[in-house]
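Start from the sequences, fold in the hints, and give me the full structure.
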Amino acid sequence: MTFSMRTPTKRAAGFTLVELMVSLAVFSVLMLGLLYYTVMISHMIARNMTVNHSHDTSRASIERAWSDLHNSASNFVLMSFNGTTYSDVSPTYTSGLPPTGSDLDYYYYNASNAGTLSAAYVINDNRTNGVRFMVFGGGPYLLGGDGSGNSTIAASSTTVQVNITDGYVPVVGDKIQIPVINTIFDVIAPAPSVVSGTNYKINLGLINGVGSSSTTSSQAIGTTLYTTNIATTSGFTYSSTYPAYVTASFFHRVAYTVYNNQFQYHPNLTPPGEGYPAVAWTASANDLNSMVVVRTNVTSPLPFGLLASSAAGPALQSFLRISLEAYDLNYSVGMYVDGTTTLQTDIPSRTQPIVITSN
Amino acid sequence: MTLMEIMFAVSMFSMFGVATVLAITNFNRLASLNRYHTLALAAAQQKIDQAMAAPWSVTGTRPAILTLSPNVPPQVGDPNYETGLPLNNDVYNSSRTGCKSPYSGLDTQVLDSRITTVTALTDASGKTGAASRLVQISVTVNYTYCQRFTTSVTLTTLRTTDDF
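Residue numbers (the working numbering), protein chains in the order written: chain E, 1 to 359; chain C, 360 to 523.
Source of the hints: derived by calculation from the structure; they are not laboratory data. A few of these clues could be false.
Each pair of labels, with its calculated beta carbon distance range [said to hold, decoys possible]:
| hint | chain 1 | residue 1 | chain 2 | residue 2 | range |
| --- | --- | --- | --- | --- | --- |
| 1 | E | Ile181 | C | Thr509 | 57 to 63 Å |
| 2 | E | Ile181 | C | Ser511 | 51 to 57 Å |
| 3 | C | Pro432 | E | Ser67 | 37 to 43 Å |
| 4 | C | Ser454 | E | Ser67 | 29 to 35 Å |
Computed footprint of chain E on chain C, listed as stretches where at least three residues anywhere in the stretch have a Cβ under 8 Å from a Cβ of chain E [said to hold, decoys possible]:
| hint | stretch |
| --- | --- |
| 5 | 407 to 418 |
| 6 | 513 to 519 |
On a predicted model such as this, the values are computed, not experimentally measured, just so you know. Every residue gets a Cβ at the ideal spot worked out from N, C-alpha and C, and that includes glycine.
Listed below in structure tokens is the structure:
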């Protein structure tokens with residue numbers, strides 16, 4: 001009897017090389033498709049986020065500026081801002097077509113010249129990264145004397161006492177308007193100080209900004225003002241029935257700038273030619289005196305301009321043109337097409353008539 | 360797993376992928392449309408602002424922007440019928456040295472037309488027509504996106520004189 005050491009022949013379980021290659025090829029194609037799909041979806045999402053962010057930036061920035069600009073109490077003054085100082089820019093207009101001539105802004109339309117080139121207003125050549133203007137600060141407040149203990153303000157007095165009851169804090173560089181004598185004075189140094197309670201002593205500067213310096217030249221009020229019950233030299237007696245109510249209001253200088261890709265609001269801009277900011281930033285007061293960043297990722301270098309009716313015409317300084325471009329710089333490597341949003345608008349001042357004749 | 364099964368699975372997977380890409384592309388297009396809608400609203404609002412801010416005294420002349428429309432609806436060539444306004448692109452800044460950024464060319468120019476209709480209403484003193492001190496201002500912005508999506512945005516307001 002013999003035993004065979006051989007076991008029955010049986011094919012080992014597994015895949016052939018051909019099967020492996022086919023499956024690998026199919027798998028690779030699937031993976032490539034999946035990869036392409038993922039990259040495409042990621043690209044779309046990133047691009048959409050970029051566009052949304054840039055759109056949000058430009059829209060929110062304009063919305064923020066809109067109400068202030070509408071309610072400006074003065075003309076708009078274009079200015080160049082370099083982060084530490086600013087200088088005013090006078091708009092210039094050049095005849096002809098761009099790039100040498102001035103641009104025509106069809107968004108601000110002169111209906112009286114419809115159908116002609118002059119139907120569009122002209123944008124100034126030298127656009128800027130900043131604009132400044134005055135806004136209403138507070139008032140009307142009662143005058144209480146000259147701030148030196150006299151209830152009657154002599155014509156030669158260079159100070160007035162104002163009872164500011166709503167918390168407004170006047171600063172050097174403000175304008176004070178006294179309607180009864182139809183005059184606007186600069187508020188000059190020394191800084192307004194509290195005399196008693198809510199009464200501030202205000203030093204008066206140049207009338208309507210006319211003169212060599214807006215902060216050092218004292219100005220007499222020029223007219224005797226009565227602020228209490230008193231018999232005047234003209235024989236008229238102020239009494240509780242006929243009180244001598246003399247009031248004043250304050251106006252404040254503010255600005256919007258684009259600097260370092262930031263849309264910035266300057267709630268306390270210094271007078272022209274003086275140090276910036278007007279009031280140093282203090283953390284304890286959660287101070288917003290010096291500058292507020294409204295939005296980042298604003299990419300337009302020179303978004304502000306003024307309009308004129310023609311290249312030869314005067315600037316319409318109550319019509320500000322803003323062309324605000326935004327791009328989400330966090331996704332800038334992508335340089336996504338359509339990732340940039342440009343929102344352009346012309347903002348007229350709603351304060352009519354303009355109350356502050358200089359700023 | 361049979362070849363049929365594999366082919367079926369691959370085709371299902373492919374259909375899913377294509378459908379998803381198409382859907383997301385469509386979402387993007389809708390998002391763009393909505394963004395342009397917002398820009399068109401801003402353009403209409405700007406015109407309304409211009410109309411609301413124009414000084415108009417009862418003793419003065421009517422500002423040009425409040426001139427009654429000769430045709431209702433306005434025709435091409437009428438006052439306040441503006442065409443070719445760029446919605447999301449500032450050609451004036453792009454052509455000017457120093458005014459554009461590295462990102463200025465990335466936006467797509469969509470042109471719109473803006474039609475402002477000014478009609479007189481009967482005011483409180485009973486005046487009508489050109490003598491009326493009460494007007495209705497309607498601003499319509501039309502634009503076409505991707506050459507097939509035509510959209511219209513309209514804002515309407517009333518305006519009277521600054522004084523009485």
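Do the Cβ positions of E:Ile181 and C:Thr509 conform to the proposed distance bound of 57 to 63 Å? This hint holds: roughly 59 Å between Cβ atoms.
Given a hint of 29 to 35 Å, does the C-beta separation of C:Ser454 and E:Ser67 actually sit inside it? Holds: the Cβ-Cβ distance is about 31 Å, inside 29 to 35 Å.
Check the following: the C-beta atoms of C:Pro432 and E:Ser67 are separated by a distance inside 37 to 43 Å. 32 Å Cβ-Cβ, so the 37 to 43 Å window is violated.
Just to make sure I understand the rule, a stretch counts as covered if three or more of its residues have a C-beta closer than 8 Å to a C-beta of the chain. Does the stretch 513 to 519 of chain C meet that for chain E? violated (count 0)
Has the stretch 407 to 418 of chain C got at least three residues whose CB is nearer than 8 Å to a CB belonging to chain E? holds (count 6)
Given a hint of 51 to 57 Å, does the C-beta separation of E:Ile181 and C:Ser511 actually sit inside it? holds (54 Å)
Comparing the model with each numbered hint stated earlier shows that hints 3 and 6 do not hold.
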